[in-house]
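Whole structure, please, built from the sequences with the hints as guidance.
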Amino acid sequence: MKYLPLVLANLLRRKVRTALTVGSFGVALFLFGILAVVRGAFRQGIDVAGADRVVVVNKVSIIQPLPIAYREQILRIPGVKDITYDNWFGGVYQDERNFIPQFAIDVESQRRVFPELVVPEDQWKAFVEDRQGAIAGEDTAKRFGWKVGDRIPIMGTIFPGVWQFNLRGIYTGKRRDDDRTQFWFHYDYLEEKRQWGKGMVGWYTVRIDDPDHAPAIARAIDERFANSPYETKTDTEKAFAASFVKQAGNIELLILAIGGVVFFTLLLVTGNTMAIAVRERVGEMAVLKALGFTDGFLLGLVLGEAVLISLAGAVLGLLACKLFTLGGDPTHGMLPFFYLPASAIAAGLALAVAVGALAGILPATSAMRLRVVDALRRV
Amino acid sequence: MVRVDGKGEAKSLIRVRELDKTYRRGEEEIHVLQGLNLDVDPGEFVVFMGPSGSGKTTLLNLLGGLDVPSHGSISVAGDELTRMSAHKLTEWRARHVGFVFQMYNLIPVLTAFQNVELPLLLTKLSKSQRRDHVEAALAIVGLGDRMEHYPRQLSGGQEQRAAIARAIIADPTFLLCDEPTGDLDRKSADEILELLTRLSKEHGKTILMVTHDPMAARRAQVVLHLDKGVLTDGDRAGAAP
Numbered sequence: 000m001k002y003l004p005l006v007l008a009n010l011l012r013r014k015v016r017t018a019l020t021v022g023s024f025g026v027a028l029f030l031f032g033i034l035a036v037v038r039g040a041f042r043q044g045i046d047v048a049g050a051d052r053v054v055v056v057n058k059v060s061i062i063q064p065l066p067i068a069y070r071e072q073i074l075r076i077p078g079v080k081d082i083t084y085d086n087w088f089g090g091v092y093q094d095e096r097n098f099i100p101q102f103a104i105d106v107e108s109q110r111r112v113f114p115e116l117v118v119p120e121d122q123w124k125a126f127v128e129d130r131q132g133a134i135a136g137e138d139t140a141k142r143f144g145w146k147v148g149d150r151i152p153i154m155g156t157i158f159p160g161v162w163q164f165n166l167r168g169i170y171t172g173k174r175r176d177d178d179r180t181q182f183w184f185h186y187d188y189l190e191e192k193r194q195w196g197k198g199m200v201g202w203y204t205v206r207i208d209d210p211d212h213a214p215a216i217a218r219a220i221d222e223r224f225a226n227s228p229y230e231t232k233t234d235t236e237k238a239f240a241a242s243f244v245k246q247a248g249n250i251e252l253l254i255l256a257i258g259g260v261v262f263f264t265l266l267l268v269t270g271n272t273m274a275i276a277v278r279e280r281v282g283e284m285a286v287l288k289a290l291g292f293t294d295g296f297l298l299g300l301v302l303g304e305a306v307l308i309s310l311a312g313a314v315l316g317l318l319a320c321k322l323f324t325l326g327g328d329p330t331h332g333m334l335p336f337f338y339l340p341a342s343a344i345a346a347g348l349a350l351a352v353a354v355g356a357l358a359g360i361l362p363a364t365s366a367m368r369l370r371v372v373d374a375l376r377r378v
Numbered sequence: 000m001v002r003v004d005g006k007g008e009a010k011s012l013i014r015v016r017e018l019d020k021t022y023r024r025g026e027e028e029i030h031v032l033q034g035l036n037l038d039v040d041p042g043e044f045v046v047f048m049g050p051s052g053s054g055k056t057t058l059l060n061l062l063g064g065l066d067v068p069s070h071g072s073i074s075v076a077g078d079e080l081t082r083m084s085a086h087k088l089t090e091w092r093a094r095h096v097g098f099v100f101q102m103y104n105l106i107p108v109l110t111a112f113q114n115v116e117l118p119l120l121l122t123k124l125s126k127s128q129r130r131d132h133v134e135a136a137l138a139i140v141g142l143g144d145r146m147e148h149y150p151r152q153l154s155g156g157q158e159q160r161a162a163i164a165r166a167i168i169a170d171p172t173f174l175l176c177d178e179p180t181g182d183l184d185r186k187s188a189d190e191i192l193e194l195l196t197r198l199s200k201e202h203g204k205t206i207l208m209v210t211h212d213p214m215a216a217r218r219a220q221v222v223l224h225l226d227k228g229v230l231t232d233g234d235r236a237g238a239a240p
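Chains L and V, in that order, give the protein sequences. Counting in numbering that gives the first Met the number 0, the first sequence runs from 0 upward without gaps. Counting in numbering that gives the first Met the number 0, the second sequence runs from 0 upward without gaps.
To be clear, the hints were calculated from the coordinates, so they are not data collected in a lab. We put the CB at the ideal spot given by N, CA and C, even for glycine. Accuracy of the hints is not assured; some may be wrong.
Cβ-Cβ distance ranges computed for the label pairs, FRET-style [claimed, not checked]:
| id | chain 1 | residue 1 | chain 2 | residue 2 | range |
| --- | --- | --- | --- | --- | --- |
| 1 | L | Gly295 | V | Gly181 | 29 to 35 Å |
| 2 | V | Gly52 | L | Leu3 | 41 to 47 Å |
| 3 | L | Val260 | V | Lys87 | 45 to 51 Å |
| 4 | V | Ser125 | L | Leu30 | 41 to 47 Å |
| 5 | L | Pro4 | V | Ser84 | 28 to 34 Å |
| 6 | L | Leu348 | V | Leu124 | 29 to 35 Å |
| 7 | L | Asp373 | V | Lys123 | 28 to 34 Å |
| 8 | V | Gly52 | L | Leu348 | 51 to 57 Å |
| 9 | V | Asp182 | L | Ala353 | 41 to 47 Å |
| 10 | V | Lys123 | L | Ala345 | 34 to 40 Å |
| 11 | L | Val26 | V | Leu124 | 40 to 46 Å |
| 12 | V | Ser125 | L | Leu361 | 32 to 38 Å |
| 13 | L | Leu255 | V | Ser69 | 52 to 58 Å |
| 14 | V | Gly52 | L | Val26 | 51 to 57 Å |
Next up, the structure:
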């Protein structure tokens with residue numbers, strides 16, 4: 000701590016330069032934070048996927064349906080404990096920008112298969128008793144200001160017409176990352192009103208007895224329907240969520256590529272800044288050495304300055320990012336989990352320290368190797 | 000007692016024997032110092048004079064452990080410098096040598112107080128102890144009321160006084176002054192010389208100073224001449240007032 004005034008004084012000698020370098024780190028870490036938020040939003044489904052659930056979809060494509068008759072056959076496969084099914088609805092509420100994931104659900108089995116999504120008992124009862132009843136996630140209800148009892152019209156895109164629903168309940172999640180944006184309604188209501196696709200469902204979600212049995216059960220399900228008109232592809236819920244994400248492209252690679260380019264540029268910018276800072280202070284460093292400050296001290300001094308700059312920028316950038324995310328999802332529903340987790344903040348800080356140290360290592364080494372006599376001659 | 004004939008007593012504070020310093024410039028060898036002997040007792044105020052390029056600064060650098068000789072030995076208070084590693088030499092400098100440079104060489108972004116405090120950061124003194132020491136040193140050099148001033152807010156003479164305070168703060172074994180008045184006007188130069196004389200007489204500091212200034216040389220107890228790398232005995236002045 001006794002060296003801190005020296006470090007700070009050095010950093011503040013060129014205030015504009017330091018501010019610009021800190022700003023570069025700030026912008027980069029803000030971008031890093033946003034990328035982490037987007038990645039987290041895409042991965043949310045993967046991260047909270049139930050280990051004891053597998054998802055059965057049409058082998059051709061997830062948008063191809065499966066017969067509802069498969070339900071009973073799947074239930075008979077050893078290891079299968081329970082099953083539910085969903086159908087994607089794809090409607091629009093008021094405006095196309097108001098995206099919400101809407102599912103026609105099997106009312107009877109939904110809560111058994113997804114126990115982490117909780118609906119108050121009285122609301123669930125009201126929902127079950129109302130064929131036009133619907134349940135919304137608490138985030139969606141909050142976003143549109145919905146209250147239980149509201150009448151909600153949804154314009155169907157896949158299934159044309161205006162569909163009227165009565166909001167009978169609001170669900171929440173037991174875990175922080177559980178999806179609270181969905182909109183559920185009776186599969187029977189869909190079945191009754193739709194003009195095509197009757198007797199079909201979008202996919203099945205199956206609860207199994209042991210996560211370790213997932214590969215064997217998945218194989219058994221797919222073998223059961225092999226060579227049928229509707230062959231299946233069964234995966235763990237995690238793999239299903241991951242394949243869902245992949246439909247939007249290789250998000251991970253994209254994020255890594257952008258992040259990599261940004262941090263490499265930052266490395267060069269900071270390295271150059273530190274090199275200039277050291278070159279300007281060759282005489283002062285020689286004096287410090289003459290006074291008895293060791294090579295290791297000078298190495299630490301320059302590295303400390305570089306790391307302090309990077310940390311200051313990182314704190315500012317991540318703080319700005321956190322404040323930005325507190326404002327909620329700016330895409331109006333495309334990224335329902337617009338949240339900067341503590342792990343991303345820690346990773347950002349660690350990355351900043353690493354880049355700062357890496358950028359400072361060459362100038363710091365040159366400061367360490369400085370020959371006092373030569374440097375003093377130049378003063 | 001100062002001797003340059005290599006016959007000084009073993010108890011001399013500074014003992015230099017057969018000191019050579021040679022630089023290579025391409026194929027050419029430049030002999031900056033040749034077979035130099037020197038003995039300095041504690042409390043002496045010694046001045047080195049000589050033309051430019053005669054090796055004065057090189058000698059100070061060698062005595063201060065900033066450079067290593069090509070041949071010969073340097074011993075200070077029993078420590079043999081030529082046998083020390085670079086790291087040991089750095090630690091030794093912190094304990095034994097106070098440097099005063101012609102261009103003051105204060106750190107411009109630190110106040111006079113912080114500049115003077117620098118050598119104490121290498122000690123285990125507490126913050127309050129460091130403060131006491133720095134205040135005392137700045138009072139000795141007459142800058143008690145300029146502690147929070149930055150170098151740019153001080154005159155040349157004041158900067159050099161701050162540099163002297165920095166040199167004496169850790170109570171080194173000896174001071175090495177490389178043309179400390181070379182960049183000052185006459186009045187400021189006299190003030191600095193007066194200060195160095197006081198440090199020598201009242202505080203018993205051993206001072207080795209390089210200068211071109213005859214007025215500065217008059218302050219010293221001994222003036223040695225260096226020419227073409229060879230040190231010769233000069234005047235024993237007896238210190239002018």
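Each hint tested on the structure:
1. At roughly 33 Å, the beta carbons of L/Gly295 and V/Gly181 sit within the given window of 29 to 35 Å.
2. Distance hint check: the CB atoms of V/Gly52 and L/Leu3 are about 43 Å apart, consistent with the given range 41 to 47 Å.
3. Hint check: L/Val260 to V/Lys87, Cβ distance near 46 Å, so the stated range 45 to 51 Å holds.
4. The beta-carbon spacing between V/Ser125 and L/Leu30, approximately 45 Å, falls within the hinted interval of 41 to 47 Å.
5. Checked against the hint of 28 to 34 Å, the C-beta distance between L/Pro4 and V/Ser84 comes to roughly 30 Å, which is consistent with it.
6. Checked against the hint of 29 to 35 Å, the C-beta distance between L/Leu348 and V/Leu124 comes to roughly 34 Å, which is consistent with it.
7. The supplied range of 28 to 34 Å is met by L/Asp373 and V/Lys123, whose beta-carbon atoms lie about 32 Å from each other.
8. Roughly 54 Å separates the CB atoms of V/Gly52 and L/Leu348, a value that falls within the hinted 51 to 57 Å.
9. Between V/Asp182 and L/Ala353 the CB atoms are about 44 Å apart, so this pair conforms to the stated range of 41 to 47 Å.
10. Taking 34 to 40 Å as the suggested C-beta distance range, the pair V/Lys123 and L/Ala345 conforms, at roughly 35 Å.
11. The hinted window of 40 to 46 Å between L/Val26 and V/Leu124 holds, with their beta carbons roughly 43 Å apart.
12. For the hinted restraint 32 to 38 Å between V/Ser125 and L/Leu361, the CB-CB distance of approximately 36 Å keeps it satisfied.
13. As the Cβ distance of L/Leu255 to V/Ser69 is approximately 56 Å, the hint placing it in 52 to 58 Å holds.
14. A beta carbon spacing of about 53 Å between V/Gly52 and L/Val26 agrees with the range 51 to 57 Å that was offered as a hint.
This entry satisfies every hint, going by the numbered hints stated previously.
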